[in-house]
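Top to bottom, those sequences are chains A and B.
Just so it is clear: in the first sequence, position 230 is 230 by full-length UniProt numbering, and no numbers are missing.
Just so it is clear: in the second sequence, position 25 is 25 by full-length UniProt numbering, and no numbers are missing.
Please note that a few of the clues may not be correct.
Unchecked claim - Capping the alpha-carbon separation at 25 angstroms, the derived lysine to aspartate or glutamate pairs in DMTMM-like fashion look like this:
#	chain 1	residue 1	chain 2	residue 2
1	A	Lys72	B	Glu121
2	A	Lys72	A	Glu8
3	A	Lys76	A	Glu63
4	A	Lys76	B	Glu121
5	A	Lys72	A	Glu51
6	A	Lys72	A	Asp62
Bear in mind the hints are in silico, worked out from the structure with no lab data behind them.
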Amino acid sequence: MIELSHIEKRFGDAVILRDINLLLPERSVTALIGPSGGGKSTLLRCINLLEIPQAGRLRIGDESIDFAEGRKIGWKDIRRIRLQTGMVFQNFQLFPHRTAIQNVMEGLVTVLGWPEAKARARAMELLEKVDLAHKADAWPASLSGGQQQRVAIARALAPSPRVLLCDEPTSALDPELSQEVVDVLSALAREGTTMVMATHDIRLASRIADQVVFLEAGRVVETGRGADIFSHAAEERTRRFVASIHAAGGASAG
Amino acid sequence: MPHWLQLMIDSLPTLLLAGLTFTIPLTLISFVLGLALGLVTAIARLFGPAPLVAVARFYVWIIRGTPLLVQLFVIFYGLPSIGILLDAFPAALIGFTLNIGAYSSEIIRAVISSVPRGQWEAAYSIGMTWRQAMTRTILPQAARVAVPPLSNTFISLVKDTSLAAAITVPELFQSAQRIVATTYEPLILYIEAALIYLAMSSVLSALQVRLEARFARYGGMLEANR
Ligand SMILES: Nc1ncnc2c1ncn2[C@@H]1O[C@H](COP(=O)(O)OP(=O)(O)O)[C@@H](O)[C@H]1O
Ligand SMILES: [Mg+2]
Numbered sequence: 001m002i003e004l005s006h007i008e009k010r011f012g013d014a015v016i017l018r019d020i021n022l023l024l025p026e027r028s029v030t031a032l033i034g035p036s037g038g039g040k041s042t043l044l045r046c047i048n049l050l051e052i053p054q055a056g057r058l059r060i061g062d063e064s065i066d067f068a069e070g071r072k073i074g075w076k077d078i079r080r081i082r083l084q085t086g087m088v089f090q091n092f093q094l095f096p097h098r099t100a101i102q103n104v105m106e107g108l109v110t111v112l113g114w115p116e117a118k119a120r121a122r123a124m125e126l127l128e129k130v131d132l133a134h135k136a137d138a139w140p141a142s143l144s145g146g147q148q149q150r151v152a153i154a155r156a157l158a159p160s161p162r163v164l165l166c167d168e169p170t171s172a173l174d175p176e177l178s179q180e181v182v183d184v185l186s187a188l189a190r191e192g193t194t195m196v197m198a199t200h201d202i203r204l205a206s207r208i209a210d211q212v213v214f215l216e217a218g219r220v221v222e223t224g225r226g227a228d229i230f231s232h233a234a235e236e237r238t239r240r241f242v243a244s245i246h247a248a249g250g251a252s253a254g
Numbered sequence: 001m002p003h004w005l006q007l008m009i010d011s012l013p014t015l016l017l018a019g020l021t022f023t024i025p026l027t028l029i030s031f032v033l034g035l036a037l038g039l040v041t042a043i044a045r046l047f048g049p050a051p052l053v054a055v056a057r058f059y060v061w062i063i064r065g066t067p068l069l070v071q072l073f074v075i076f077y078g079l080p081s082i083g084i085l086l087d088a089f090p091a092a093l094i095g096f097t098l099n100i101g102a103y104s105s106e107i108i109r110a111v112i113s114s115v116p117r118g119q120w121e122a123a124y125s126i127g128m129t130w131r132q133a134m135t136r137t138i139l140p141q142a143a144r145v146a147v148p149p150l151s152n153t154f155i156s157l158v159k160d161t162s163l164a165a166a167i168t169v170p171e172l173f174q175s176a177q178r179i180v181a182t183t184y185e186p187l188i189l190y191i192e193a194a195l196i197y198l199a200m201s202s203v204l205s206a207l208q209v210r211l212e213a214r215f216a217r218y219g220g221m222l223e224a225n226r
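Only chain A is shown next, with the shape it has when bound in the complex (with noise of 0.2 angstroms):
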C-alpha cells in the first residue's frame, strides 16, 4: 500500500501541491488526470522523492518518511524509498550509450551489485516479458519510440519495484505506436503491478485505472472509479475537463 498524507510541495513562493492524500492499494492502478500544469508530474516526483515535498508523510509498503519545513533528508532515506519505485518518462530517457539489455541491466549491477550473470538473466526476461528480447543488443537509437517506451517499462521493473510510476508513458507516441505501450501496460495491470500514471490517454486510463485522480492546480478535486470519473463525475470541473479530452481527440500531450 501506498499512502500520501498531507503532502505540500512549493517551489519558492509557488504552492505545486497542496495537501494531497491518497491511498493507492497494493496491485492497484490509479490513473492522475487533469489539466497541463495541474501538479501530476511533481506529485509522481514526489513519491520516489526526485522532489522533496515541504510537509507531509508518505508511506510506500513498510517504509515510510516523514516531510518538514527545513528538514533534510538524506541520501539512506532518499534510496530506501526510491528503491520500492520505478519510473517511467514520457520521453523514455533510456542511456543512449548502452544497448537495451544492458540499460535493463544498469540499476541491478550498479546499484543492487548483482552479479553480471543474473542480472542479464533477470533483464532478458523482462525483456521477453516487453516483446523485445530480440532487441536485447540493438542501440536505443534504432529503436522506435514504442520499443523504447517498453524497454523503459523494462528498466524501471528490474529491481522488482513496490510500485511503478509513469508520467504521460503514452503522450510522445503516435497513436499506433502507443498502443503497444498499452498492451504492455494493460498486461502488467492484468499481473498486479501497483502503478500511479500520469496520462492525458483516456483510453489508457479507461482500460486499465482502478482508480482515477482529477488533480488541478495542486489540488485533488476528485477521486473515483475510471467508469464513473469518465461518465459522471461528481465534480463539475472534472465533467468538463473530460468533456474537453474527448474533444480532443481522447489523447493529447501535455
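The hints should help you fit chain B with the ligands onto chain A, whose structure is shown.
Below, chain B with the ligands alone, put in the same frame as chain A:
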C-alpha cells in the same frame, strides 16, 4: 644527394630524439594531468559551493586571459625570485598542465551541461548516487561530444610545446635552433622541424577520427531525450 636533403637526414636523429624525450612526454603528461584538472574545475564550477565556483572561475580567467609564453616565463624565470626554483622541464609541465586545465574545463563544463536533465533523472530513478549517475550516465555521453573540441586542444598543445624552447627545455624546436646555430641553415632546419610537428598532429587527427567512429556506433543522441 642535394645538400638540403643530406642536412635534413643528418639532423633527423637529433630532432627525433628531442621530440621523443621532451616534446612527446611533455605533451602527453600535461594533457592527461590537464584533463584531470579540467574535470575537477568543471565539476567545481557546475556543482561546487560558491567559494569553490569563484576559485575555479578566477583560475580560468587568469589562464585564458594571459599569454602562454608569459605564463611559462613567470613560472620559470619569475618564481625563483620568491624562492621557488624549478627545472625547465617541470616548469613547462606545470605551465602546460595549468593551460590545458583551464581550456579543457570550459569544454568539459559545456559538454556535461549538454546532457539532458532527464538523463540525470533516469539515473536517479533507478537508485544511482550522484557519483554513479555522473560516471556511468553523464560523463560517457559528455565524452562523446567532447572528442572534437578536446582533440583540437590536444593538437594545439603539441604545437605549443615549442614555446618551451624559450625557457630552455631542449625539445624539438630548440634542437632545431641549436643545429641552425652551427650550420646557418635556418630555412632547411625549421622546415624540417615543422614537418615533424605536422606528422605528430596528423597522427592525432587520425586518432580523433577513430575515436569518433567508436563513439558513433551507438547512433545519434536520442532526439526524444532532448
Ligand atoms: N522545478 C520546478 N521549479 C518551479 N516550478 C516548477 C518546477 N517543476 C514544475 N513546476 C511548476 O509546477 C506546476 C505543476 O507542474 P507539473 O507537475 O509538471 O504539472 P503537470 O504534470 O500536471 O502538467 C507547473 O506550474 C510548473 O510550472
Ligand atoms: Mg507533466
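Do the hints match the structure? See the list:
no.	hint	result
1	A:Lys72 to B:Glu121	20 angstroms, holds
2	A:Lys72 to A:Glu8	15 angstroms, holds
3	A:Lys76 to A:Glu63	12 angstroms, holds
4	A:Lys76 to B:Glu121	18 angstroms, holds
5	A:Lys72 to A:Glu51	12 angstroms, holds
6	A:Lys72 to A:Asp62	21 angstroms, holds
Of the numbered hints given earlier, the model fails none.
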